[in-house]
Amino acid sequence: MARKSSATRQAVVTISAWTVGLVIFFPILWIIVLSFKSEGDAIGTPLAVLTSAWTLDSYVEVQERSNYLRHFWNSVVLSLGSTLIALAIAIPAAWAMAFAPGRRTKDLLMWMLSTKMMPAVGVLVPMYLLFRDFGLLDTRVGLVGVLTLINLPIVIWMLYTYFKEIPGEILEAARMDGAGLRAEILYILTPMAVPGIASTLLLNVILAWNEAFWTLQLTTSKAAPLTQFIASYSSPEGLFYAKLSAASTMAIAPILILGWFSQKQLVRGLTFGAVK
Amino acid sequence: MATKHSRMAARLMVSPAVILLFLWMIVPLGMTLYFSLLRYNLLMPGMESWAGLDNYRYFIGQSAFWQALGNTLALVGGVLAITVLGGIALALLLDQPFKGQGVVRVLVIAPFFVMPTVSALVWKNMLMNPVNGIFAHIAKALGLQPFDFLAHAPLASIIVIVAWSWLPFATLILLTALQSLDREQMEAAEMDGANWLNRFLYLTLPHLTRSITVVVLIQTIFLLSVFAEILVTTNGGPGTASTNLPYLVYAQSLLNFDVGGGSAGGIVAVILANIVAVFLMRMIGKNLET
Chain U
178 MARKSSATRQ AVVTISAWTV GLVIFFPILW IIVLSFKSEG DAIGTPLAVL
228 TSAWTLDSYV EVQERSNYLR HFWNSVVLSL GSTLIALAIA IPAAWAMAFA
278 PGRRTKDLLM WMLSTKMMPA VGVLVPMYLL FRDFGLLDTR VGLVGVLTLI
328 NLPIVIWMLY TYFKEIPGEI LEAARMDGAG LRAEILYILT PMAVPGIAST
378 LLLNVILAWN EAFWTLQLTT SKAAPLTQFI ASYSSPEGLF YAKLSAASTM
428 AIAPILILGW FSQKQLVRGL TFGAVK
Chain R
282 MATKHSRMAA RLMVSPAVIL LFLWMIVPLG MTLYFSLLRY NLLMPGMESW
332 AGLDNYRYFI GQSAFWQALG NTLALVGGVL AITVLGGIAL ALLLDQPFKG
382 QGVVRVLVIA PFFVMPTVSA LVWKNMLMNP VNGIFAHIAK ALGLQPFDFL
432 AHAPLASIIV IVAWSWLPFA TLILLTALQS LDREQMEAAE MDGANWLNRF
482 LYLTLPHLTR SITVVVLIQT IFLLSVFAEI LVTTNGGPGT ASTNLPYLVY
532 AQSLLNFDVG GGSAGGIVAV ILANIVAVFL MRMIGKNLET
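Chains as they are written, first to last, in my numbering: chain U, 178 to 453; chain R, 282 to 571.
Check before you lean on any hint, since a few could be wrong.
[Claimed, not checked] Between beta-carbon pairs, the in silico distance windows are:
hint: 1; chain 1: U; residue 1: 199; chain 2: R; residue 2: 296; range: 49 to 55 Å
hint: 2; chain 1: R; residue 1: 422; chain 2: U; residue 2: 441; range: 51 to 57 Å
hint: 3; chain 1: R; residue 1: 425; chain 2: U; residue 2: 221; range: 15 to 21 Å
hint: 4; chain 1: U; residue 1: 364; chain 2: R; residue 2: 366; range: 30 to 36 Å
hint: 5; chain 1: U; residue 1: 351; chain 2: R; residue 2: 366; range: 46 to 52 Å
hint: 6; chain 1: U; residue 1: 284; chain 2: R; residue 2: 341; range: 29 to 35 Å
hint: 7; chain 1: R; residue 1: 555; chain 2: U; residue 2: 430; range: 34 to 40 Å
hint: 8; chain 1: U; residue 1: 292; chain 2: R; residue 2: 413; range: 39 to 45 Å
hint: 9; chain 1: U; residue 1: 287; chain 2: R; residue 2: 424; range: 29 to 35 Å
hint: 10; chain 1: U; residue 1: 199; chain 2: R; residue 2: 322; range: 50 to 56 Å
hint: 11; chain 1: U; residue 1: 192; chain 2: R; residue 2: 297; range: 28 to 34 Å
Just so you know, the hints here were simulated from the structure itself, not pulled from any lab data. Even glycine gets a Cβ: it sits at the ideal position worked out from N, Cα and C.
Whenever a hint applies, use it, and build me the whole structure from the sequences.
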């Protein structure tokens, strides 16, 4: 703003913004703190917690007791696997809709979005029975399939809005110069489409990583990702605050970091291109 | 110009996605519809028989259904109210220039990336626990009686937990929208003597309408199916005090093994979601046609 804001106003804004930010972030900050404490110290008053000794014991114990790494690996496989498959299906579709739109392309896109409106519980029973009958319960293959399908509409929409922004004149120019379809895709469109594809990938990995309906319903242990692993702490025995904190910190850290990098894409992706 | 050849290619490229999504919509939903008309219990395999609309009568007839319906609406409405109002306030605040803007923005956005089971368990144990939670410690320090949030106000507590997860989303979108507001127009209004409230009501708010619509639409889609937060905090209880429709369907079909009743519930949930969706799509349609 061109107007000179007074120093008091500046101070008020700074203090209130920082206060609000810290209050909102506090639960996350607190589990990070508790994860470095012993179980006995973790249940003390906040002041006692802060002044007690720091330790890495909880992290060691979480790994030993519940095999954290296996669940972490499951999360990686599920989120990355479902995202890559969704991209493989969505890229050609979004491409065709963006560069060779027909009369019904808009309707098709709206219909795809509407499949997202179907609540998951509406198909919980048949999905559970199908999984049971095909031996897919608690397998990564089955879950990758479901995660691919639930995120496919978002992936197509995101890619579509990105591809839409690639100017069509470039293609025409290339065609005039005699570029074939292969050259067109390889040398012109791919380099221009890569950033959009990358942000779609990022956002979708985040969504799949945090998905907590199907992962809870269809896995128990073998294929269980971190969402299910953390849920197993809901009926714990004995003292568990420090261990729960350590497990939680490890479960959210990778995605928190990815997420901070993807703020801009997040807005655009989750609003289906309506807000940029 | 698209040739006949390239039209064919385009169709070929779109079809895998369309076929998959179509199957994903039609097959399980068709099965749910079919099961909902059967007397079908997982504990008695091979005893399936035609039930007509009995399952629907039973599902809608139980008092838990009406409570779950009310809870679902309260959850969606409550979280929407908190996140939209809070999101506008936060976006206005974070849009001001101040020291450490980038850092605060990152702090505010963080909860969105926390998986639902983690946020629910952290709130349940570290914050709301009546013995060891932070709120209890604060209450004791002030000489007050600690309050058992999840036992005495389960639905309100869950609303707070879910709102915490979604506030960043609303804030981020509204903030993005605010940043595209025409600054010169703002300054002109200020020079003309429009006070802060009038500038907000007649410039900022109309500018944000579209983004608010989008926030409401997208959050509603996700909020109608809140599940993990309820599963790990209250299990829908005490009684059915914090049971929403998804949780009721889950309890009916996978805890009571009543496939028929659960499927009827699933169909009811789909119908309700569609009613909401029609309203929302109409609203969105109006707002996005610009």
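Outcome of the hint check:
Checked against the hint of 49 to 55 Å, the C-beta distance between residue 199 of chain U and residue 296 of chain R comes to roughly 51 Å, which is consistent with it. In this structure the hint that residue 422 of chain R and residue 441 of chain U lie 51 to 57 Å apart at CB is violated, the actual value being about 42 Å. Taking 15 to 21 Å as the suggested C-beta distance range, the pair residue 425 of chain R and residue 221 of chain U conforms, at roughly 19 Å. Range check, residue 364 of chain U to residue 366 of chain R: Cβ separation about 50 Å, and the 30 to 36 Å hint is violated.
Range check, residue 351 of chain U to residue 366 of chain R: Cβ separation about 50 Å, and the 46 to 52 Å hint holds. Under the hint 29 to 35 Å, the C-beta atoms of residue 284 of chain U and residue 341 of chain R, about 34 Å apart, fit the expected range. Between residue 555 of chain R and residue 430 of chain U, the C-beta spacing of about 38 Å keeps the proposed range 34 to 40 Å intact. In this structure the supplied range 39 to 45 Å holds for residue 292 of chain U paired with residue 413 of chain R, their Cβ-Cβ distance being about 44 Å.
Against the hinted window of 29 to 35 Å, the Cβ-Cβ separation of residue 287 of chain U and residue 424 of chain R comes to about 58 Å, which falls outside the hint. In this structure the hint that residue 199 of chain U and residue 322 of chain R lie 50 to 56 Å apart at CB holds, the actual value being about 52 Å. With their beta carbons about 54 Å apart, residue 192 of chain U and residue 297 of chain R fall outside the hinted range of 28 to 34 Å.
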